Amino acid sequence: MVAGSHMLEQGIGELFSSCTADEIRDWNRDHKQRGMVDKVTTAKDAVSRFVNDGMYIAIGGFGHIRISMPLIYEIVRRRIKHLRVSGHTAVHDLDVLIAGDCVDAVDVAYSFAYETRGLSKNGRKAVESGRVKCVEWTNAALSWRIKAAAMGLPFLPARNMLGSDTFKYSAAKTIECPFTGQKLVALPALMPDVSVIHVHYADRYGNCLIRGTLVKDDDLAKASKRVLVTAERIVPDSFFRDAPERTTIPYFCVDAVIEAPYGSHPGNMPLEYYFDEEHIRGYLKAGRDENDLKAYLDKWVYSVNDFEEYLGLVGMKKLNYLRRVEELR
Amino acid sequence: MMDHTPIELMATIASHQLEDERIVGVGTGLPMIAGLLAQRTHAPNLIIFFEAGSMAPIVPTLPISVGDSRCSHRAVAATGLAGIMETGQRGMIDYAFLGGAEVDMYGNINSTVIGDHDHPKIRLPGSGGANDFGSFAWRTIIIARHEKDKLPERVNFITTPGYIDGPGAREKAGLPKGTGPYRVITNLALMGFDELTCRMKLISIHPGVTVQQVIENTGFELIVPDEVGTSPLPTAEELSRLREIDPDGIIIGK
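Line by line, the protein sequences give chains A and B.
In terms of the numbering used here, the first sequence is residues 2 to 330.
In terms of the numbering used here, the second sequence is residues 13 to 266.
Keep in mind that the hints were calculated from the coordinates and are not lab data.
Quantities reported herein were computed from a predicted structural model and do not represent experimental measurements.
Treat the hints with care, as some may be off.
[Stated by the list, open to error] BS3-like cross-link-like pairs, simulated, lysine-lysine; straight-line CA separation at most 30 Å:
{"id": "1", "chain 1": "B", "residue 1": "Lys133", "chain 2": "A", "residue 2": "Lys169"}
{"id": "2", "chain 1": "A", "residue 1": "Lys295", "chain 2": "B", "residue 2": "Lys133"}
{"id": "3", "chain 1": "A", "residue 1": "Lys126", "chain 2": "B", "residue 2": "Lys162"}
{"id": "4", "chain 1": "B", "residue 1": "Lys189", "chain 2": "A", "residue 2": "Lys286"}
{"id": "5", "chain 1": "A", "residue 1": "Lys174", "chain 2": "A", "residue 2": "Lys184"}
{"id": "6", "chain 1": "A", "residue 1": "Lys169", "chain 2": "B", "residue 2": "Lys189"}
The task is simple: from the sequences and hints, build the whole structure.
See the structure below:
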């Protein structure tokens with residue numbers, strides 16, 4: 002144990018993903034490609050190469066907004082097990098992984114619920130039965146943990162979580178500020194083994210543009226050991242070269258690029274298409290019964306070969322409708 | 013007078029707590045509605061922050077999520093969770109508007125678990141941005157259901173700290189000074205906090221509600237001052253604005 006002399010208290014939760022500042026540097030020296038190489042591939046290939054049982058995974062977007070469903074479905078289809086997941090507002094993304102029995106533990110900020118639609122029976126049951134273990138954080142805490150790793154630092158100090166049971170059931174510590182003596186929470190860097198992020202535009206090298214709120218995905222791409230990107234559109238190299246301020250995520254963070262129009266379905270994709278509420282309602286209803294949930298996964302995940310086939314089941318009529326809803330028409 | 017639902021009454025009273033030209037961070041559900049209503053009535057220049065990163069959007073129709081595209085519609089900036097919460101940590105967020113399954117006499121909020129943490133009776137969503145907003149905002153407004161077990165003496169789990177266990181506790185814990193719970197709005201009453209004891213105190217009862225009824229439905233000893241006001245009924249103007257915001261009654265119809 003290397004706790005510093007200024008450590009005051011610590012949470013009792015398990016630290017699922019830990020890294021030192023030098024481990025971050027060493028990983029980036031040894032494993033991240035600098036060259037501009039074509040990284041375009043399929044979801045199947047990316048998951049088979051980069052996602053393994055027991056990994057710590059983070060998902061870009063906001064749980065049911067701008068989520069990478071082609072990669073999530075592929076993880077379920079490959080029956081990846083024992084994942085630990087960052088739940089910085091996890092909604093449908095995490096719930097589908099839990100439904101597929103891929104998840105052992107969650108760093109919870111917001112999870113197991115669908116905002117105005119209410120709680121998810123499937124997610125709740127997984128925790129209440131003890132199948133999925135939880136450690137508590139907050140949205141800012143997980144964002145700053147990711148930011149610490151993105152900055153190459155072992156932790157960031159902050160002023161949230163103090164005086165709460167959220168702290169008590171986290172793996173954070175409190176420290177004294179070496180300059181002012183102020184009590185602060187120390188949030189340990191979070192370096193996910195793999196992140197899956199859905200973006201609006203990507204080029205073949207992995208430069209990405211995200212429109213609308215970023216949530217934390219710029220930092221997430223920098224913090225993660227491996228980054229798999231799905232994109233609504235793959236654009237020519239000139240798209241970023243002509244206007245470099247467009248680059249939300251620079252190419253060298255990214256390990257795989259997959260073209261995936263409608264890739265956030267049934268989630269919202271800002272400025273592209275809105276939630277498929279009918280689909281989500283159906284999923285939540287299925288989640289109330291084990292057999293119905295199994296039938297849902299059979300139909301939408303296991304029985305289709307890839308995301309294109311899945312979209313075939315959804316149908317263009319519905320997808321066009323979701324574009325009109327997004328455009329407030 | 014138009015008929016109104018209890019939720020509509022809570023939404024209007026909640027909206028009254030917000031001042032114009034202030035920044036408010038709102039959570040999912042009723043807090044969202046209250047912020048949008050305030051903008052459409054007495055506080056047209058109220059600035060709403062949504063935790064996924066949107067600043068000062070012009071929300072066109074009721075969002076489903078605090079992170080969906082409705083929440084960043086015509087915003088002045090689309091940042092991220094850190095962008096919003098760092099702004100709060102710097103002291104720029106005036107109000108936080110939060111809901112919770114349980115709220116206790118010191119305004120501590122539980123939205124994490126009922127029962128033991130590792131073997132919960134009911135698993136709730138967790139903090140989301142609530143702990144962050146509640147730690148940083150100058151004033152936190154809480155919306156809750158007024159039932160004995162929803163307003164216990166101590167919450168099962170402090171997801172978001174209120175005054176924790178009394179005067180000075182927030183500062184001792186390291187939380188920014190001068191912050192904390194400001195109002196609690198329920199289906200029966202509007203409450204504030206006593207300056208000396210930091211305990212919840214009745215301000216006004218909703219029309220048709222008695223003080224006795226409020227006391228009976230509160231799980232702790234509520235401070236009842238000599239003068240208790242009556243909350244105003246929603247105006248016809250407020251009700252029609254509310255129904256424009258939520259035409260399908262997704263939240264106000266609950």
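Structure-based check of all given hints:
1. B:Lys133 with A:Lys169: The given pair, whose Cα atoms are some 19 Å apart, holds under the 30 Å limit.
2. A:Lys295 with B:Lys133: Satisfied, since the Cα-Cα distance of roughly 25 Å is no more than 30 Å.
3. A:Lys126 with B:Lys162: The hint holds at about 22 Å.
4. B:Lys189 with A:Lys286: 45 Å, violated
5. A:Lys174 with A:Lys184: Holds, at about 10 Å.
6. A:Lys169 with B:Lys189: 21 Å, holds
Violated hint: 4 only; the structure is consistent with all others.
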